[in-house]
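Peer 1: Residue-level listing of the chains:
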Amino acid sequence: MFLASNVDRWLWWDWIGRNTDLITSSLREHVILTVSAIGLGLLIAMPLGVAAARWRWLYAPSLVFTGILYTIPSLAAFALLIPVTGLTRTTALIPLTSYTLLILVRNVVEGLDGVPSEIKDAADGMGYSRFRRLTRIELPLALPTIMAGIRIATVTVIGLAAVAGLLAIPSLGNLIYIGQNRPIRTAITVGIALSVALAVTADLLLSLAQRLLSPWARSRAAR
Amino acid sequence: MNFLRDVGNWFNNPAHWRGEGGIPNRLFEHVQYSVIAIAVAVLLAVPLAVWLGHRRQFGTAAMNVSNVGRAIPSFAILVLGTQQFGLVEYPIMGSFTTFIALVALAVPPLVTNSYVAVAEVADDVRDAARGMGMTELEVLRKVELPMAAPLLMAGVRTAATAVVATATIAAFTGAGGLGRFIIDGRATFVNEEIFAGAVLVAALSLVTELGLGAAQRWLTPQGLRVEIGAARAAAVVSSATPEGKVRP
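Protein chains in written order, with this note's numbering: chain C, 1 to 223; chain X, 224 to 471.
Keep in mind that a hint or two might mislead.
Claimed, not checked - Pairwise CB distance ranges, derived in the manner of DEER restraints:
hint, chain 1, residue 1, chain 2, residue 2, range
1, C, V200, X, D346, 55 to 61 Å
2, X, I315, C, L208, 34 to 40 Å
3, C, G17, X, N235, 41 to 47 Å
4, C, L87, X, P314, 34 to 40 Å
5, C, F65, X, G231, 23 to 29 Å
6, C, T88, X, M286, 24 to 30 Å
7, C, M46, X, V311, 27 to 33 Å
8, C, M46, X, N235, 41 to 47 Å
9, C, T24, X, D346, 53 to 59 Å
Claimed, not checked - If the Cβ cut is set under 8 Å, some of the chain X residues that face chain C in the computed set are:
hint, residue
10, F226
11, I295
12, Q306
13, L310
14, T384
15, I392
16, R409
17, N414
18, A425
19, L429
Derived from the structure by calculation, the hints contain no laboratory data.
Built from N, CA and C at the ideal position, the CB exists for glycine as well.
With the hints as extra help, turn the sequences into a complete structure.
Peer 2: So, in structure tokens, the structure goes:
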């Protein structure tokens with residue numbers, strides 16, 4: 001009787017105290033998954049976005065392709081990969097990375113498109129090479145839009161990484177999976193609370209980073 | 224190759240096409256959950272958001288609703304609801320928790336897109352309509368709604384694709400739908416069943432996305448089609464999201 005009532009409690013501090021290892025490792029896996037997915041996504045999306053901004057014909061097909069990837073439900077994508085890559089981080093990373101691509105590619109291209117042509121002309125006039133113009137002028141000016149994309153992608157990935165946990169891949173979703181199966185309601189509470197907290201924290205940190213990385217936007221707003 | 228043959232055999236097995244656990248019934252459940260939830264969400268969200276967009280009021284509030292929705296994992300409501308209400312089934316609606324979760328999932332993108340779609344109609348166009356002697360309702364019906372149709376439909380499409388994807392997770396809480404194959408296959412270590420379920424879900428998701436895309440193009444007024452070049456089409460493709468995450 002005593003046990004049953006504890007299991008039904010939404011917050012059972014004893015359980016949390018006894019399972020801090022499980023909780024911290026789930027949180028750590030969740031963070032690793034998110035950071036790696038965004039990092040890999042940027043590695044693919046930055047060159048693709050830069051190329052699509054320069055050679056226009058590339059843009060539509062890359063959006064269609066990443067759009068199709070985006071449409072595949074995450075649970076299905078994880079399930080499809082389990083026979084190939086097993087219950088590993090890779091199984092979660094492949095779909096998570098592919099979901100970031102659409103958001104990132106679009107924001108890189110939109111960001112580069114937003115650079116005023118007179119600024120590009122001025123850079124050309126000052127003797128900048130194509131590559132230096134891109135790295136020194138265009139990318140910094142596109143940064144707010146790119147960062148906005150990174151923020152959306154990060155919050156999205158944090159939500160989706162939890163879904164991977166439903167298939168017993170370590171992540172905060174795994175706590176929810178455990179909570180539902182055993183059942184221990186507190187595990188569900190912890191899993192959900194931590195993933196919401198993680199999403200909010202990541203979004204705040206990234207918006208802070210965005211402000212620090214583009215001080216001119218701030219001074220313009222202050223003027 | 225052996226594995227793909229197993230998957231083929233799974234699909235060829237007549238037992239998997241019959242009864243409650245058969246593909247037709249699971250597909251029906253999946254579509255049922257999704258259609259009912261989207262219909263109710265549209266009825267709840269669109270008229271309100273369209274009216275607010277017409278008045279151009281409470282825009283920030285509408286965006287905030289959408290942003291908060293983005294931070295909550297979509298299956299959180301499912302799990303919490305199942306813990307609270309158990310597995311209640313109603314006729315037509317199907318699983319009650321699934322219904323609530325899917326409606327809650329569909330409302331934010333519908334609110335945001337409907338509001339923005341109507342509020343973004345150019346001022347001079349609205350003024351011209353008023354100058355021609357249209358009543359407020361006529362302005363809304365004859366000018367704003369047709370011009371808002373593409374973006375409004377993009378919202379429906381986003382919501383629908385998110386709902387179809389998330390209806391898969393409903394199986395995790397004991398409801399039916401195509402997700403059952405993935406969850407049951409996992410529980411019994413039948414990989415070909417998981418794979419078959421995933422293929423079915425992905426196919427349904429793509430059909431929803433493409434079908435509503437066609438509806439969107441069809442509902443776009445002739446005069447607006449010219450400006451819908453690659454950029455707009457791209458925005459449309461991108462509006463679908465995996466697990467109900469809404470782009471701003």
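Peer 1: Next step is simple, just say for each hint if it's right about the structure.
Peer 2: Results for each hint:
A beta carbon spacing of about 36 Å between C/V200 and X/D346 contradicts the range 55 to 61 Å that was offered as a hint. Range check, X/I315 to C/L208: Cβ separation about 48 Å, and the 34 to 40 Å hint is violated. In this structure the supplied range 41 to 47 Å is violated for C/G17 paired with X/N235, their Cβ-Cβ distance being about 52 Å. The supplied range of 34 to 40 Å is met by C/L87 and X/P314, whose beta-carbon atoms lie about 39 Å from each other.
For the pair C/F65 and X/G231, the beta carbons lie near 27 Å from each other, so the given range of 23 to 29 Å is met. For the hinted restraint 24 to 30 Å between C/T88 and X/M286, the CB-CB distance of approximately 38 Å leaves it violated. For the hinted restraint 27 to 33 Å between C/M46 and X/V311, the CB-CB distance of approximately 48 Å leaves it violated. The hinted range of 41 to 47 Å is satisfied by C/M46 and X/N235, whose Cβ atoms lie roughly 45 Å apart.
For the pair C/T24 and X/D346, the supplied restraint of 53 to 59 Å holds, since their beta-carbon distance comes to about 54 Å. For X/F226, the interface hint holds, since its Cβ comes within 8 Å of a Cβ in chain C; the closest pair sits about 6 Å apart. Taking 8 Å as the C-beta cut-off, the interface hint given for X/I295 holds, the closest approach to chain C being about 6 Å. Against a cut-off of 8 Å between C-beta atoms, the interface hint on X/Q306 holds, since the closest Cβ of chain C lies about 6 Å away.
Violation of the interface hint for X/L310 is found here, the shortest Cβ-Cβ separation to chain C being roughly 12 Å, above the 8 Å cut-off. Contact between X/T384 and chain C, as hinted, is supported at the beta carbon level, the nearest pair being about 6 Å apart and thus within 8 Å. With a least beta-carbon distance of about 6 Å to chain C, the hint placing X/I392 at the interface is held under the 8 Å criterion. A cut of 8 Å between beta carbons decides the hint on X/R409: the least distance to chain C is about 6 Å, and the hint holds.
For X/N414, the interface hint holds, since its Cβ comes within 8 Å of a Cβ in chain C; the closest pair sits about 5 Å apart. Annotation: interface hint on X/A425 holds; nearest CB of chain C at approximately 5 Å, less than 8 Å. The closest approach between the C-beta of X/L429 and any C-beta of chain C is roughly 6 Å, which is under the 8 Å cut-off, so the hint is satisfied.
Checked against the numbered hints given earlier, the structure breaks hints 1, 2, 3, 6, 7, 13 and satisfies all the rest.
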